Amino acid sequence: MSCGSKQPLKSCLRGSSSGGGGGGSSRSSASSMTVTSRTSGGGSSCGGGRDMGILSNDEKLTMQSLNERLASYMETVRNLEKENAQLEQLIREWYQKQGPVGPKDYSHYYEKIEELQKQVGYTHKVLLDLDNTRMTAEDFRIKYEMETGLRQNVEGDLNSLRPLLDNLTLTKSDLEMQFESLKEEIIDLKKNHEEEMKQLQSQSNGDVNVEINSAPGEDLLKKLNEMRQEYEAIIQKNRAEVEKWYESKVMSQQVHSSSQEIESSNQQISVLRREFQSLEIELQSQISQIDSLHSNLEDTERRYNMQLQQIQGMIGPLEEELASIRCEMESQNEEYKMLLGIKTRLEQEIQQYRALLHEGKIEGEKGKWCQIQSMQGTRKVRS
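Counting from 1, position 355 in the sequence shown corresponds to residue 355 in UniProt numbering; the numbering is continuous, with no gaps.
30 angstroms max Cα-Cα, derived DSS-like pairs, lysine-lysine:
1. Lys190 / Lys172
2. Lys237 / Lys183
3. Lys244 / Lys172
4. Lys343 / Lys97
5. Lys249 / Lys190
6. Lys361 / Lys60
7. Lys198 / Lys183
8. Lys237 / Lys191
9. Lys249 / Lys183
10. Lys183 / Lys172
11. Lys237 / Lys172
12. Lys343 / Lys361
13. Lys125 / Lys112
14. Lys198 / Lys237
15. Lys97 / Lys337
16. Lys190 / Lys222
17. Lys172 / Lys191
Have a look at the derived ranges for each label pair, beta carbon to beta carbon:
18. Tyr106 / Thr300: 19 to 29 angstroms
19. Lys143 / Gln267: 13 to 23 angstroms
20. Met329 / Gln86: 15 to 25 angstroms
Everything labelled a hint here was simulated from the structure, so no lab data went into it.
Quick caveat, the model's predicted, so the values are computed rather than measured.
Quick reminder that beta carbons are idealized off the backbone N, C-alpha and C, glycines included.
Work out the full structure: start from the sequences and follow the hints.
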């Protein structure tokens, strides 16, 4: 039984299996014929001429049927090989249409995954920068609060020193007025002293001239003592005035130093105020930068979540397609293995038929030789 190249694969498989059954029956018939030819000799090595003619006709029929079956099997093998080649061509064309036979190229997915990993790393870096910026802003806030407290303390000290400065200014003005009045008094005293000295000198000269021949009186000593006492009182007064002037000078120096300290503290306050303003500006800029980074981070996360969902949606059908391709490949591999098994069985049967044909030829040659020997024996008997 043969099947053409246009018949389906299952019908060919059924034909090959039925052909295999026929081959088994032919083997049994051939073996039975050889047994009968060997046992029907009547005790001699060769049978009668009539029996040999019948056996030779049966063997010819058997050989003819075997040849026909062999030809049909060869035709079946050729048809199966053609169909196998057609199936391989169809499989090759299907793989060329569907995609490459080898593993799929997922390099672009890997590139996308690497890009997403880089973006995730950048996002983590931005979050770390945000945390660092937040900590820096917190430090600046603490410093701002400390500087604000120092400023309030300095302003309180300045407010407490202002009345003292006013009192020192008033005291300074009073001391300057007293100093000027003391200078004027000293000048007046010097003038009075000079005038008194002139008067005393003139009086002493007049007394000497008048009292040359008389005894010294006691009024001069008295006056000298009075003058000494007056000068000692003037010296004490001048000393007290100088001490007062020295104390006032020291006070003025202290007031001057305190005013310098106030000026330096005012300068420090202005410097701190400028630093506070710059820190406040920097804090506002950092806060705005943090807000912008938060918004950028949210946009980036939203965008990459959408891209990740799209990629996952693409991966799902690709995995399903890959699973279906694997199932089809497995089924085609099983079918190919089944065809290979059929082919090997057919080749084995062909080898067996060849062996039977060779054995049949040998038996036929032996039968012919026995027939020739028997014919020669009968001729000798007749003669």
